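**Student:** The chain contents come next:
There are 2 protein chains.
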Amino acid sequence: MGEGGRDYDVIVIGGGAGGVSAAMRAARLKMKVLLVESGHLGGLCMNRGCVPFTHFMTASGILGDLDLGKEMGIKVEVLSKDFNILMARHKELLGYLGQGVNGMLRKSGVEIIMAKGSLEGKATVAVEGKRVRAKNVILATGARWDERGISSLPKEFIANTDHLLDMNEIPGRVLLLGKSPWGIEIAQFLRRFGSEVALAIPEKSLLSSESRTISSRLSKALKKSGVVIYNRAQATGIKKVRGGLSVSVSSEKGEAALEVDIVISVDRTSSLEGLGLETVGLDSNVPFIRVNEKLETGAEGVYAIGDLTGLPGRHYSHVASSQGIIAAENASGKSLFFNPRTAPRVLFAKPQVACVGLTPKEATEAGYDVVTGTAPLSMNPMGMILSQQEGAVEVVAEKRYGEVLGIHIIGAHASEMAGACSMAIQLEATLNDIDMAVFPHPTLSESIAEAARECLEQIG
Amino acid sequence: MGEGGRDYDVIVIGGGAGGVSAAMRAARLKMKVLLVESGHLGGLCMNRGCVPFTHFMTASGILGDLDLGKEMGIKVEVLSKDFNILMARHKELLGYLGQGVNGMLRKSGVEIIMAKGSLEGKATVAVEGKRVRAKNVILATGARWDERGISSLPKEFIANTDHLLDMNEIPGRVLLLGKSPWGIEIAQFLRRFGSEVALAIPEKSLLSSESRTISSRLSKALKKSGVVIYNRAQATGIKKVRGGLSVSVSSEKGEAALEVDIVISVDRTSSLEGLGLETVGLDSNVPFIRVNEKLETGAEGVYAIGDLTGLPGRHYSHVASSQGIIAAENASGKSLFFNPRTAPRVLFAKPQVACVGLTPKEATEAGYDVVTGTAPLSMNPMGMILSQQEGAVEVVAEKRYGEVLGIHIIGAHASEMAGACSMAIQLEATLNDIDMAVFPHPTLSESIAEAARECLEQIG
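Protein sequences appear in the order of chains R and U. Residue 316 in the working numbering sits at position 315 of the first sequence; the count goes up by one each step and never skips. Residue 80 in the working numbering sits at position 79 of the second sequence; the count goes up by one each step and never skips.
Honestly, the hints are just simulated from the structure, not real lab data. Among these hints, one or two may not hold up.
You can't tell identical chains apart in this list, so a pair holds if it fits in one copy or across any two.
[Stated by the list, open to error] Each computed DSS-like pair below joins lysine-lysine, with the alpha-carbon atoms no more than 27 Å apart:
| hint | residue 1 | residue 2 |
| --- | --- | --- |
| 1 | Lys76 | Lys335 |
| 2 | Lys400 | Lys31 |
| 3 | Lys108 | Lys180 |
| 4 | Lys92 | Lys76 |
| 5 | Lys76 | Lys33 |
| 6 | Lys76 | Lys254 |
| 7 | Lys82 | Lys71 |
| 8 | Lys71 | Lys92 |
| 9 | Lys400 | Lys108 |
| 10 | Lys400 | Lys335 |
| 11 | Lys108 | Lys31 |
| 12 | Lys71 | Lys240 |
| 13 | Lys156 | Lys241 |
| 14 | Lys295 | Lys136 |
| 15 | Lys71 | Lys225 |
| 16 | Lys76 | Lys225 |
| 17 | Lys123 | Lys76 |
| 18 | Lys240 | Lys400 |
| 19 | Lys136 | Lys71 |
| 20 | Lys131 | Lys117 |
As the structure is a computational prediction, the values presented were derived from the model and not from experiment.
Kindly generate the complete structure, drawing on both the sequences and the hints.
**Tutor:** Printed below as a string of structure tokens:
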């Protein structure tokens with residue numbers, strides 16, 4: 002029993018990317034920590050999300066690089082694409098990662114209960130029929146499949162992305178339904194492994210909330226890879242036909258009847274059910290939990306992090322894990338703020354996308370006097386080497402001090418460049434700072450400096 | 002004729018990476034600029050250095066990725082590796098890049114004379130038999146082949162790396178002679194394209210001036226790729242034998258007689274000859290030109306940048322181009338400093354290497370109370386996906402304020418991560434800043450934060 006009748010300093014509900022990170026940090030800060038997880042440690046990201054799909058995208062990327070290889074005189078014949086070997090490797094990876102997470106948590110002294118936890122009034126969590134008390138509770142139950150967009154359709158004909166992790170072979174014809182970005186990676190992977198793929202999204206374009214530079218270049222690249230895209234689309238009916246399913250899709254192209262073998266819904270939403278939010282005076286009838294910059298929920302001693310706290314399309318496991326660190330630090334008495342402008346919005350497609358901070362539109366709406374500079378990768382020496390015709394870097398800044406407000410990248414290795422962008426915005430870098438930074442030559446990241454210089458030229 | 006009897010505000014001697022960058026910036030600052038180049042615009046880097054060899058390394062990397070592909074169920078047969086196609090693509094790239102540089106310079110209003118330029122007293126440059134005057138001269142003649150290490154050997158049997166850009170087929174057996182890092186990329190590329198390769202370096206290990214973490218992991222990886230390495234080595238004789246050359250190599254392995262088809266010397270040194278340094282009171286009998294932080298040489302109005310200003314092993318075109326910007330800004334009356342700690346030292350091998358700032362040894366010697374944290378990529382989820390067993394990130398910091406002094410990376414995409422490292426050091430980031438930065442998941446760059454956290458744990 003801890004101090005003041007409490008069993009723990011911190012109880013974390015949910016053992017995904019956010020919860021594990023929060024528990025690890027709390028333990029490192031010498032707090033007594035309980036982690037409660039009802040499914041698998043590592044959560045959706047590690048078990049059924051980012052890790053397996055980035056693994057798939059890496060395989061897909063190697064196949065894509067063969068085109069570049071051919072331009073370079075490397076002629077190969079693909080003898081086979083064995084999905085079972087890829088899945089076996091995935092399972093092996095998952096085994097290592099699971100052991101790793103478990104080992105790290107136990108080594109740090111975090112207690113773990115594999116069961117469902119829920120709030121039961123102030124400072125109290127119900128788990129396995131018992132009531133456990135703690136000074137702080139960090140909610141981190143993440144996201145779950147969202148069936149609202151397909152509620153009018155017969156459920157028996159619709160799978161979610163988990164299905165892809167259990168299949169033995171690549172489906173012949175696939176329709177992916179739901180908001181980007183989630184379906185884009187899967188569409189490209191399946192296409193590269195041999196499926197015919199259609200992607201039906203409700204938005205007006207892929208990544209429609211990103212800047213036009215990113216969105217239009219991505220659409221072009223995805224079409225080139227052979228994925229058929231339906232914008233402003235909705236599936237209005239599904240029926241079984243000989244040899245598959247017939248799906249009625251209404252989109253800006255009009256009405257279409259698509260014959261496919263499988264329909265996969267990719268939408269997700271915050272996982273709030275049964276968390277007992279109402280027992281601490283929080284509204285449970287909301288799409289996600291609102292938190293302040295310190296990740297406090299409004300109920301005393303209750304923090305929320307990760308997919309619980311934001312709209313879909315902004316669900317990223319690295320946001321969850323960063324927020325986990327901040328919530329744990331704040332639970333220990335510190336006062337750290339999470340700055341959403343530093344969070345990269347990343348797509349592991351080919352080309353990759355990494356957007357950090359404000360788009361030109363968002364910056365203008367926020368009242369800044371905005372300048373935007375763009376450096377196409379087709380003008381970058383490494384971009385030429387890697388045939389990055391569609392790639393670009395866009396820098397958004399404000400004119401008075403030259404403070405960098407956003408950096409948006411589409412092209413190879415964008416995800417590995419995002420760290421520089423996040424750090425630039427976190428450390429309040431100016432255009433002059435980026436002009437003076439030394440990016441190695443030849444790299445794609447040099448275009449970050451070039452785009453900043455484009456801004457500087459316009460400011461004069 | 003410019004102000005005060007001067008023809009130009011700035012004359013730049015040398016049109017490589019550094020000179021072009023200096024001329025472009027000077028023109029943007031509304032100065033009247035003359036650029037003098039005796040060979041090809043773009044210099045060694047673009048024409049015979051970084052660009053062609055990174056192009057080769059990209060091809061070599063695609064071949065290397067086939068091993069990873071195989072682990073992922075992608076079975077391919079390499080039908081051919083056509084070096085002539087690769088070279089044709091290189092020449093096409095070079096054509097675009099040359100046009101690009103030329104176009105950019107002319108559009109900026111830079112005048113260009115394709116001839117040799119040399120100092121002829123204060124504020125004066127001799128070119129094409131004429132004397133031209135300018136307020137500032139920026140020396141940027143770069144590096145040239147260094148034959149001192151092979152002076153005792155018969156020259157007719159030794160080629161330099163230019164030879165590789167003119168050959169029609171990959172040689173069977175190659176000996177590369179000279180200091181790392183330059184030969185490492187070439188060794189790996191030739192090996193991957195089918196050569197038997199030996200690399201004889203004078204140092205005690207590859208990249209011996211870098212931290213042990215980097216040096217030892219790189220040696221291991223290079224040996225694995227089938228390159229035979231001779232440390233503390235010197236070629237003591239070469240003679241023609243039936244079917245090739247026999248080279249006597251003395252190294253820490255003892256004496257060896259290597260039978261090869263070609264010997265390639267990779268050493269380079271600053272290109273100071275005929276620059277007329279003595280006419281402005283500078284010593285021309287030195288290995289490189291000493292400059293202060295503003296890149297001033299000590300002679301009034303004479304700046305020097307790039308390979309001219311540093312020891313081989315620290316010759317990087319991105320250093321030259323950054324220094325070009327700073328020299329031009331200073332010539333316009335600003336007072337900007339070049340901070341060598343922000344300059345990435347990069348190797349485009351597989352694994353890549355990017356080191357920024359101080360090694361643990363250098364930091365200790367500089368008087369800091371040093372803490373070092375290492376995050377192996379074998380523990381990083383993306384590292385597992387990409388089979389980065391040899392990869393690691395090392396962060397070096399000082400204990401009092403947690404200021405980051407160095408970040409050293411070995412692994413895939415290290416060159417694209419170097420921007421974040423350079424910026425962290427430039428903006429004086431602390432370990433806490435890096436702990437709070439949001440690196441996307443899953444990426445290798447997450448290990449930068451993990452290594453910083455290793456440091457924080459040790460500080461307590």
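**Student:** Each of the hints needs a verdict: does it hold here or not?
**Tutor:** Hints, one by one, checked against the model:
| no. | hint | result |
| --- | --- | --- |
| 1 | Lys76 / Lys335 | neither (58 Å within a copy, 53 Å between copies) |
| 2 | Lys400 / Lys31 | between (45 Å within a copy, 21 Å between copies) |
| 3 | Lys108 / Lys180 | neither (39 Å within a copy, 44 Å between copies) |
| 4 | Lys92 / Lys76 | between (31 Å within a copy, 19 Å between copies) |
| 5 | Lys76 / Lys33 | neither (59 Å within a copy, 50 Å between copies) |
| 6 | Lys76 / Lys254 | neither (39 Å within a copy, 39 Å between copies) |
| 7 | Lys82 / Lys71 | both (18 Å within a copy, 9 Å between copies) |
| 8 | Lys71 / Lys92 | between (32 Å within a copy, 16 Å between copies) |
| 9 | Lys400 / Lys108 | between (50 Å within a copy, 25 Å between copies) |
| 10 | Lys400 / Lys335 | between (34 Å within a copy, 21 Å between copies) |
| 11 | Lys108 / Lys31 | within (13 Å within a copy, 62 Å between copies) |
| 12 | Lys71 / Lys240 | neither (43 Å within a copy, 39 Å between copies) |
| 13 | Lys156 / Lys241 | within (12 Å within a copy, 78 Å between copies) |
| 14 | Lys295 / Lys136 | within (16 Å within a copy, 56 Å between copies) |
| 15 | Lys71 / Lys225 | both (17 Å within a copy, 26 Å between copies) |
| 16 | Lys76 / Lys225 | both (21 Å within a copy, 24 Å between copies) |
| 17 | Lys123 / Lys76 | neither (66 Å within a copy, 58 Å between copies) |
| 18 | Lys240 / Lys400 | neither (56 Å within a copy, 66 Å between copies) |
| 19 | Lys136 / Lys71 | neither (61 Å within a copy, 51 Å between copies) |
| 20 | Lys131 / Lys117 | within (11 Å within a copy, 86 Å between copies) |
Hint check: violations occur at hints 1, 3, 5, 6, 12, 17, 18, 19; the rest are consistent with the structure.
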